[in-house]
Every structure is written in C-alpha cells, then in structure tokens.
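Enquirer: Listed here are the chains, written in short residue letters.
There are 2 protein chains.
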Amino acid sequence: MDLKSIWNNYEKLINEEVKVNGWVRNHRPQKEFGFIDFSDGTTFKHLQIVYNKDLKDFDKITSLKNGSALNVVGTLKKSEGKNQEIELVAKEITLLGDCPMDYPLQPKRHTKEFLRSIAYLRPRANLYQAIFRIRSVASMAIHEYFQNNGYVYFHAPIITASDCEGAGEMFQVTTLPLDKVKKIDYKNDFFGKKAGLTVSGQLQAETFAMAFSKVYTFGPTFRAENSNTKVHASEFWMIEPEIVFCDLDELMNIEEEFLKYIVKDVLEKCHDELEFLEKFQEPGLIKKLEDLINSKFTRITHEEVITLLKNANEKWEFEPNYGEDIAKEHEKYLTNYFNGPVFITNWPKDIKAFYMKQNDDGKTVAAVDLIVPSAGELMGGSQREEDYQKLKSRMDELKMDEEAMYWYLNLRRYGTCVHSGFGMGFERLLIYLTGVDNIRDVIAYPRTPNNCEF
Amino acid sequence: MDLKSIWNNYEKLINEEVKVNGWVRNHRPQKEFGFIDFSDGTTFKHLQIVYNKDLKDFDKITSLKNGSALNVVGTLKKSEGKNQEIELVAKEITLLGDCPMDYPLQPKRHTKEFLRSIAYLRPRANLYQAIFRIRSVASMAIHEYFQNNGYVYFHAPIITASDCEGAGEMFQVTTLPLDKVKKIDYKNDFFGKKAGLTVSGQLQAETFAMAFSKVYTFGPTFRAENSNTKVHASEFWMIEPEIVFCDLDELMNIEEEFLKYIVKDVLEKCHDELEFLEKFQEPGLIKKLEDLINSKFTRITHEEVITLLKNANEKWEFEPNYGEDIAKEHEKYLTNYFNGPVFITNWPKDIKAFYMKQNDDGKTVAAVDLIVPSAGELMGGSQREEDYQKLKSRMDELKMDEEAMYWYLNLRRYGTCVHSGFGMGFERLLIYLTGVDNIRDVIAYPRTPNNCEF
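Protein sequence lines, in the order shown, are assigned to chains C and G. Heads up: the first sequence begins at 1 in the numbering used here, then just goes up one per residue. Heads up: the second sequence begins at 1 in the numbering used here, then just goes up one per residue.
FYI, nobody ran anything at the bench for these hints, they're computed from the structure. Among the hints, a few may not be true.
Stated by the list, open to error - Far from chain G, some chain C residues (derived; all Cβ distances over 12 Å):
hint	residue
1	L95
2	C99
3	Q172
4	L178
5	Y261
6	K288
7	K328
8	D361
As the list claims (entries may be wrong) - One-sided excerpt, in silico: chain C residues whose CB lies under 8 Å from chain G:
hint	residue
9	L64
10	S68
11	V72
12	L96
13	Y120
14	F154
15	T174
16	W237
17	F276
18	F280
19	P283
20	Y333
21	P449
To be verified - Within a straight-line C-alpha distance of at most 20 Å, the following computed EDC-like cross-link-like pairs (lysine to aspartate or glutamate) qualify:
hint	chain 1	residue 1	chain 2	residue 2
22	G	K352	G	D401
23	G	K183	C	D179
24	G	K182	C	D185
25	C	K45	C	E85
26	G	K187	C	D179
27	G	K19	C	E250
28	G	K183	C	D189
29	C	K392	G	D98
30	G	K77	G	D59
31	G	K194	G	D401
32	C	K187	G	D401
Where is the CB? At the ideal position from N, CA and C, for every residue including glycine.
The following block holds chain C by itself, in its conformation from the complex (with noise of 0.2 Å):
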C-alpha cells in the first residue's frame, strides 16, 4: 500500500495490518526501540515506523542507514507523539536497497547550491518534493483548465527553420560532423538548410487556433542567451493559447480566469506543500495565493501607467518614460499601489513584437502584460494583427524575411479574423507558486549556460 493511500484513508485503518515499500529519511535508533522516519515519495507526508526489540533481527534493524529502501510489514496505530496522526508498528522490516554512509542526501540543512550539485538526489529532499509535486499538479490544472473549455491541445514544432518571431537568440540543431567538416554547407546538413530550436510556438498555434478556434501550446521552448540570472534557464516550458474571436478584453478575462484556475486548484491539492514553502521559503505564501484568487485584476493602459509613475512620490532609479518598458521597481510600485495583479495594457508599438494589432493611435499596439505581486510579469500577451497589408507594414518596416512568412501572412488572406493569444512561462509560475527564488530549484535538470549536467 502507498503512504497516500495510508494517509487518505488512515482513520479506516487504525488496527488494520500494512505492507509498505519506501525509503528511510531519518532514523532515530535506542536501545530498546527505533523510530525510521519513512517516505515513498506519493505524498508529501512522512509515516513514522516504529520497532521495538521484539523484532527478530533487531540489532542489524538498528543499523539501518538513511536512504536505504526498506519493506515493512506491521499495524497502523494511532500515535502517541505530538506531531503525527498514525504510526506504524512493525512487525517485519526486510532490507531492499542498502545506502551507504557517504550518501549525499543526509537529513541535514544543505544548501541549494549543493542540491543542485546532486540534483538526481535532490528529489528526494522534502523542498524538491514539493516543489516538482507541484509542478505536475500545476501541469495538469493547466491542461484541465484548457480543455475543459474545450481548447485543442497543439504540439508546436521544436525544431524550426525560422526564426520566425526574434524573440531571443537561438540555438542551432545539426547533424554536420564538425570536427572534420572544413566549410559549412547546410544543404548537407539533416534538414538541407539551417535549423534551430523554438524559442516560441505562437506563430504555428496560430494557424491552428484558425482551424479549430482555441488550441494551446504546452512545451519546452528555448533561449541561448548567455545570461546566468535567477529568472533565465536555457530551456523552459511555455504555455501559449490562442483564441480567434477574441479580442484584447476578451484575452484579459481568460488569463485571468485560467490563473485563478491554475492557484485554486494548486491550493486544494498541494496544501502540506504550501505549508512547507511558507514555512521554508515565503512568509505569507498562502495568504498571498489566496488574495490572488479573491482579487480582480486592475486594468490599465501603459500611458496612465507611466503617469501614475511620474507623479508618484518615489526616487526611481529608472525614470518612467511613454515610450519605454517599465522596469521591477515599476512593477512592484502598481502591484503594492493596486494591491493585486495589474494588467497593463495598449504598449508602445517600438517596443513590442511585430505581429501585435496595432492601435489607431499609429503609436500603440494591442498588447497586454500582466504583473503580479513579488513576481512581477507573468504572461504577456496580445490580440494579433489581423489585417494583410498592416502586418505586411510592419515586417517591411522591420525588414523581415516575409518570402519565410509567407504562410503566417497568408492567415490574414484565407479567412482572417480578430484573435488573441497570450504567453506563459511556466518556471515562472511556478516561482510564484513556490516562493523559490531561482529558476534552478524548479527545474528537474536546468540547462543555463555552461551547465548541461545529467
């Protein structure tokens, strides 16, 4: 039996006997009796063991060492101590899987610098159980989120020959055998030209959300920027829906509604998590979840924004500016200022990406970021230009590869329509969730420059 199944159903099976397979996390050895701090990993919550000297094999069961994979047969009691419900009297414990003295993972305080150092241990430590627990909980809110309101998931290519959006450098896929090639020729390459790896799914999700109206992306993306920051890894996952019929009032209700979604289920289902992460890593996690859900989001564009930073009676480092990007202090200021997420809406064209629907003013464009509080930027998102000769425009402008682009122009010939769509990073998200800092602890294996280990 799992220790989930033990612990959802524990009142049902006081007296009754158990069989349980896992590992020792801690073990607290006397000489008469010994308490094994047990874990199988399928809930956060831990079964204390219990043995007393009666057991055959006493002396080699109070030898055993933290990590070892242990079975254990006995009766599930209610316990004496304080801290738990239920414990577990032994009544066999056999030895699977011995564990060295020199195991990394002892139950002390270790650093996260360490941790990820041994990051194919590091899952078995109570904060990583925590974190990727709810890392799969949140993936699923995701997905239930989006086709219970009847969304296509969409597999966006990973491997890509455009580069189409710019949204940041790329790497490059090739199977050329470099160390004896002596000059690059792509048509021998695997693909015939060159080929790199997504670094967005937009574009593509695009041409689906025109055949089944919402579709969304759920997948690795890519950045070969050579930036060692806590909020940039080499390879995240991104969450990109796409909506036509939508327009930028629209898209704000959906993100909103689908963040909510994705917290209040992340709430319900991980809450001897959240209770560590306050309790380890953010006083107030849970209050600040709770407040986001009972929140509604401020909409505003990003003229009154810089407005209200001008007239604010603050000393900026950064200078709020109408034709610039607002900078962390900016973002902290609205979201204390507005106590809650703030959409900010209708961008400088300049500083947003070419396909964005552009406003009648000639200056703006139809974007929206949403900040929220301690994250700052969550999701950025836009309604699309819909209309052939604007978006031709603006790529001419940019001097874009449009022969390349030809099928992302064409959407605006064969049936165009008003559609919007927005972007998630998914670490970051799940920094917000967590209370972690950096984007590492978050990562099963992150990949950032110079570091590709396991």
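Fit chain G to the known structure of chain C by using the hints.
Expert: For chain G alone, kept in the frame of chain C given last:
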C-alpha cells in the same frame, strides 16, 4: 456561441436566436436562397446555414467564397434535410475575413501529399480536424490516467550532454558560429561541452521515480536517423512512465490498463471523428478499438514465440530465430493467432538495452514488447537492472562511458529497489487510433530528413 455548445444543447435551442462565428467550408448559392456549410472547429460537426433572398445584401452573400470568416445571426430550426438535425436560418450574415478564389483548400478531394505541402491550412480539412482533435483528447487521457493513479509528471531535459541510452543518432545543439569558426572547440560552446537533443528521458525519469515512486514523462524526443519511412519522424513525442517496487508482471498490468484507458476515452469523446476515419481511412476502425478494450492481452516469452513461429505452417520472408528480433510478418501472425494484443517477454539480452534486468538464465532480460493488431509494436518496456554490480558489468561489456553515467549507476547504490518502466511513441499510438498510415499526417509540422517547413 460556439458550434460545440450548439450541438450539445440543440434541442433546447430550437427556435432560439443564436450568433456564431466561423468559416465557410462549402457554399451552394441558388437563385432565391443558399446553403452554407459552416464550421468553427470547436466540434467535428458542421452547421448548415440557410439564407434566402429576403436578406439584405443577398447578392453579396451569394458570392461568399470558401474559407471566408463570417459572423451569422439567425434562428436555430429543426432541419428538413436528411443528413442533419438542425440548421441555422440566417437573419444577418457579416463577412469578417474574405478569402480569394485561389485559396488552396477547396472542398474537393486532395491527396495527403498535397495537404502536407499546405500543412498550415490542412487542420481546417475534415481529416485533420479529426486527427488533431484525437491527438488532443488522447494527450489528455494520458495525463488523466497517470494523474488519477498518483504519478508525478516529470519534465525530462531536452538538451543533454550524454547519449545515455544509445537509442539512436543524436542531433547536435550548438551556438558556435559555424560559418566563421575554423576549429571546433566545445569549451567555447554554449554549455562548455558537446550537447545534443535527447533520444529518451527514461534514465532521468528513473532518478525521479526513486523519489516519487511513480512518475511519467510526456515530451518531445529526437532521432537524427536518415530514414524516410512512414513510421519514422525526427521529432516525436514520447510517454515514459517509471514505477518503483514494480516487477515485469505488474508492469504489463499497468500497460494494459493504460492503453485501454486511452482507447476507451477516445471512443467516448471522439465518436464523430472515428466514424469519419472509419469511413475514409480504416474500415473496421471502431470495432478494432472496441475489441482492444474487451480483450485480455496474451503474455508469452520470446522463446515460446520463436518456437510457435517455427512450427507455424507459413513461408516466412525472415526466418524466426531464438537470438533475434521478430519481423513485421511475425507480429502480424501473432496478433492474428492470439486474436488480440500480445506481450512478448524475456528477450535475448544482446538485442536489448543495457539497463534491462538480467534474468537468471544469463541469456535473456526482463523486457517486454507489446504488439497490437494492425499497428505492430506499440510499447517497449522492462524491469530495470537494480543490482549495481550487474549493471556495471553490462556497461563494462558494452564499453560504455561509466564516468558520465555515475549518477545513473549511483541509483543502484543509494537505496536501490526493483523498478520498471516502459516507453510509448505517441505518434505510433495515433496511427493506431486514427487508422492513418503515415506519421507525417498525425504531426502538425513533421520533421523528417530534408524537411523542416513552417
């Protein structure tokens, strides 16, 4: 209102006014009235729009072209036609996005080859509406099965520095400026070493199984093999569960339950799509899937299979052999012979992967392949070798780089236990579910040698 909502509630909506957005799939204008075959992609079913010359702009409406985007306001009526239950009697039809006469996707029979060349438009065609909705529904069924059964979703790394499994040729990933660089020095590459695209997330998934008991991957994997067949793509999605305290027999139970769950879910949710596919792609498709659900999968060893094949009264193109893999013709014979899916267990170790559990006979490993009627091999799994010495010896024999694999070997030092897992190529499953015979038709934007379009 979207078409899915209308079809789900049409009895309540009869004689109500509704407003729909979507595209003209076919248009038959007459002198005094006209019919528009209308779709918004939210359901496989189209909606017939009827209009007559009382409508303002009647003349303009009669010239509406296939592919155009419309907004239609009208009254839902019981249809007098034979082939549909309802129709929308239009009160107002507004053209949102025109479509020129040279629109490539006209309502006539196109070859799949041609449709691949317009892959950005083909999801609007019935066949791909069916395939890609099934792809989405099957994806969700996979997540549901695992999440409902306590598995943690594990995102395996895509970029990797170790070709661990040796499962196939790898793509290389680089940021070196190949056009300029004279001598390749991987110290200067993005990760400071040679890196490539994963061929399997299994080995990393095992590290998480040792922490969470049950995990699964569902993500893209890559093979750089230069093979142009109907069932190989360079980029495809794989599902790879890993389960601890689980032996080969239990693994087969899981595989069987898992596959039946997906098939049942698709049968329930995609009835219209399957009926279409049965009609145009694979006669008997629905019965094939229903039979699978109701069948008990046969379990037989590789040795028994070879004996059975040798004793069969058949002329084989490839002679069955105790030390070798079996051929397509053998798979077909076996699924016919047993009238259903067949698990073949205990394969010769020399034709299987290094990590598979070595049986006591010294010759075979605890591997299992699942073959199913019409599609052949659908899943491959095994118990994993949990014994450190045995695994190391096998890696020695195969001259593998044990230094790079220290973390995988260490799983057998730190609380090792019996564990098992399997892999399923998602597109193989889709070929089986849809009756389509070419992998290029179940992937939105397929990548194959010399082909990386869109």
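Enquirer: Would the least Cβ to Cβ distance between Y261 (chain C) and chain G come out above 12 Å?
Expert: The assertion about Y261 (chain C) holds, with a minimum of 15 Å to chain G.
Enquirer: Can V72 (chain C) be said to touch chain G, with a Cβ gap under 8 Å?
Expert: violated (12 Å)
Enquirer: Does L64 (chain C) meet its interface restraint, that is, does its C-beta lie within less than 8 Å of any C-beta in chain G?
Expert: With a minimum Cβ separation of about 11 Å from chain G (threshold 8 Å), the hint on L64 (chain C) is violated.
Enquirer: Holds or violated: the hint that Y333 (chain C) contacts chain G, with Cβ atoms closer than 8 Å.
Expert: violated (34 Å)
Enquirer: Would you check whether the claim that K288 (chain C) is not at the interface survives, using Cβ distances to chain G and the 12 Å cut-off?
Expert: holds (24 Å)
Enquirer: K182 (chain G) and D185 (chain C): Cα distance at most 20 Å?
Expert: Given pair K182 (chain G), D185 (chain C) holds - Cα atoms ~14 Å apart, limit 20 Å.
Enquirer: How about F154 (chain C): closest beta carbon in chain G under 8 Å, or not?
Expert: holds (6 Å)
Enquirer: Was the hint right that L96 (chain C) lines chain G, CB cutoff 8 Å?
Expert: holds (5 Å)
Enquirer: Given a cut of 8 Å on the nearest C-beta pair, is the interface hint for F276 (chain C) held or broken against chain G?
Expert: This hint is violated: F276 (chain C) lies away from chain G, its Cβ roughly 15 Å from the closest one there, beyond 8 Å.
Enquirer: Go through the hint on W237 (chain C) and say holds or violated, using the shortest Cβ distance to chain G against 8 Å.
Expert: It holds, given that the least Cβ distance between W237 (chain C) and chain G is near 6 Å, below 8 Å.
Enquirer: For K194 (chain G) and D401 (chain G), compute the direct alpha-carbon distance and say whether it is at most 20 Å.
Expert: holds (15 Å)
Enquirer: Quick check on F280 (chain C) please, does its C-beta sit within 8 Å of some C-beta on chain G?
Expert: violated (18 Å)
Against the hints set out earlier in the document, violations occur for numbers 1, 2, 3, 4, 9, 11, 17, 18, 19, 20, 30 and 32.
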